[in-house]
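All chains should be modelled from the sequences, with the hints used to inform the complete structure.
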Amino acid sequence: MSKLAPLAIVVALLGAWELAARWDLIADALSIEPFLIPAPSDIATALWEDRELLADDAWVTLQEVVLGFGVAVIAGVLFAVPLHLSTALRQAFYPILVASQTIPIIVVAPILVVWFGFGIGPKLAIIALICFFPITVNTLDGLRSVEPDLVKMMRTLDASRWQLFRRVEAPTALPYFFSGAKIAVAVAVIGAVFGEWSGSDSGLGHLMLQASAQLLTARLFAAVVILSAFAIGLFWLLGALERRVAWWGPRGG
Amino acid sequence: MPEAPVAEPQPLSASDHAAPGGGTAVAVRALRHTYGELSVIESLDLAAAPHEVVGIIGPSGCGKTTLLELIAGLQRATAGEIVVAGEHAPRSRLASCAYMPQRDLLLPWLPAIDNAALALRNRGRRRAAARRAAAPLFERFGLAGFELARPGELSGGMRQRVAFLRTLLAGKPVLLLDEPFGGLDAITRAEMQEWLAGALDAEPRTVVLVTHDVEEALYLCDRVAVLSARPARVVAELTSPDPRATPRTEAVTAAEFSARRERAMRALIEGMR
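Those protein sequence lines, which keep their order, are chains A and B. So the first sequence is residues -16 to 236, counted in my numbering. So the second sequence is residues 255 to 527, counted in my numbering.
Keep in mind that a hint or two might mislead.
Listed next, with one range per pair, are the computed distances between beta-carbon atoms [said to hold, decoys possible]:
hint, chain 1, residue 1, chain 2, residue 2, range
1, A, 74, B, 436, 18 to 28 Å
2, A, 65, B, 409, 47 to 57 Å
3, A, 74, B, 346, 29 to 39 Å
Computed from the model, here is a short list of chain A residues facing chain B with C-beta under 7 Å [what the hints assert, rightly or not]:
hint, residue
4, -6
5, 39
6, 84
7, 128
8, 133
9, 135
10, 141
11, 154
12, 231
Since the hints were made in silico from the structure, they are not lab data. No residue lacks a Cβ here, since even glycine has one placed at the ideal position from N, Cα and C.
Have a look at this one:
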C-alpha cells in the first residue's frame, strides 16, 4: 500500500494534466497556443516516435552523468580522508571547499566551455564541481563520528593509525558516504544539462535547447522524462548497492 | 542465553603470563589529576598484585573511568606515579593494559569471532589464523555456535562476553574493566558475574574492575577500594578471603558477605561527605 501511494499520486496528477491539456484549460489560462501545452499522452507519443533521436542524445548525457559522478566520488573521498586525518589540513581547506559551493555554476560553465571546448571535459568538470561537495561533507562527518571510547579501546588493542582507519573509521563512514553519494547523483543530472546548455553538439540538454527553439514542447518534456528516469534509476542503484555493502548503516537490510 | 560452561583451566598460548608471585602488576602512588580547575583525583594510592582482582567502587562521577584511563596510559596524570608491569611511561603501560569499556562497542560489520580477535588482527595475524586462535575461547566461554553471528543478533549478555574475550585475546597482563555489566538487567548481570568468575579462574589476570555495584565488587574481587566523591581518594579497602569460589547466590547471602557489604556501604556514605 505504502509503495502504491506515490504511484497513485503520479497517476492522479497525470490524469488531471491530461484532461486539462485536452480541454485547453492551461493554454486558456496562460493565453497561449494550445499546441504549446502537450498532454502526457502527447509526451508519450513523442517518446516513442523520437526514440532514436532521444536514445542517441540520452546515451551521451548518461555517459557524462556516470563519468562526472565517478570523478566526484573519487574527488570527494580524496578530499575527505586527508581532511579527516589532519586537523591542519581541515582548518586550511574546509572553508575553501565550502566557498567553492558559492560559485554560481551558471557563470562558470561557459568559461569552462571556452577553456575545454565542446567535448565531454567541461561537462565532467561541472558535474564533479556540483557533486563532490555532498560526498566530501558526508564522508568527513562519518569519519569524525567514531566514538572516542572506540578509539581508546582500539588503542589498547594495539591498533596503528592505519588500522584504526581501516577497521573502524572507514566502515563507520561508509553509510554516510552513501548518503552524500545519493544526494550527489540526483543533482549530477542537473549538472549535465547545465554543461550541455553552456555549449555542446549533443546530449539531452542540447536536444532540449533545439526543441525549445522549434517549439517542440512534447519532445522537450520527453527529454525531461528521460532525465528524471536517469536520476531515479541511479539513485535506486546506489540505494541497492548501499544495502549490500553498508548494511550496518541506518538503511541496512 | 546458553549456560556458561565451567571452564577447564587451560593456559592460553598467546597470552600465558607470569604466575602470581612477588612484585606488583599495578601500582598507583600519590596520584593527582585535574581537568583545568576541577580536581578529579587527589592523592590516590592503589596496588594490585599479579593475578589479583581489585575492585573500585565509588559514587558516580567520582573519576573511576578517569583512573582507568590514567592507568592504561590513555591520559597523562597531572601528578603522581603509575607503574604497570614495571613500566612508567604511558606508551609502555598501554602495551600492558587491555581496556574494556562499559558499552560492548562491538563493530557491527564484523562477526562475533572477528570482533573478539581484533587485537590479533591488529598485530598482523591473518583472519584465518586469528579465528583459529579465538575459536577455542568461544567453545570454553559459552559462545560455541555464535562465532559467525553478527553483534546485532546477540543478546546483551553474549555481546558482553564477546567484548570480554576481545579484551582477553589482547593478550595483555592487566585487564581494566569499566563497569563491564553496567548496561545489563539484574538477572543477566548476576549470570555474567558468575561467568566472569569462571573465566578469571580459567584465565587468571591482573584485573582492575570499576563498578558501582557493591555486591558485584565484593563477589568478584580479592580486594575492593572504596573511593570518595570528587576529588577521589581511597577511603576504605576491604579484602575478601576467597572470592569467586562459591556460587554467587550462596556467596552473597553468607553472613560475612553481608557484613562486608555493610562496611562498604558505610564507607561509600562516609566518602560522599
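For each hint, the structure was consulted:
1. A:74 x B:436: 18 to 28 Å: This hint is violated: roughly 37 Å between Cβ atoms.
2. A:65 x B:409: 47 to 57 Å: violated (41 Å)
3. A:74 x B:346: 29 to 39 Å: Since the Cβ atoms of residue 74 of chain A and residue 346 of chain B sit about 33 Å apart, the hinted range of 29 to 39 Å holds.
4. -6: violated (39 Å)
5. 39: violated (43 Å)
6. 84: violated (31 Å)
7. 128: violated (14 Å)
8. 133: Holds. Min distance 5 Å.
9. 135: Check passed: Cβ of residue 135 of chain A comes within 5 Å of chain B, closer than 7 Å.
10. 141: With a closest approach of 5 Å, the residue 141 of chain A hint holds.
11. 154: Check passed: Cβ of residue 154 of chain A comes within 5 Å of chain B, closer than 7 Å.
12. 231: holds (4 Å)
Going down the numbered hints, you'll see the structure goes against 1, 2, 4, 5, 6 and 7, while the others check out.
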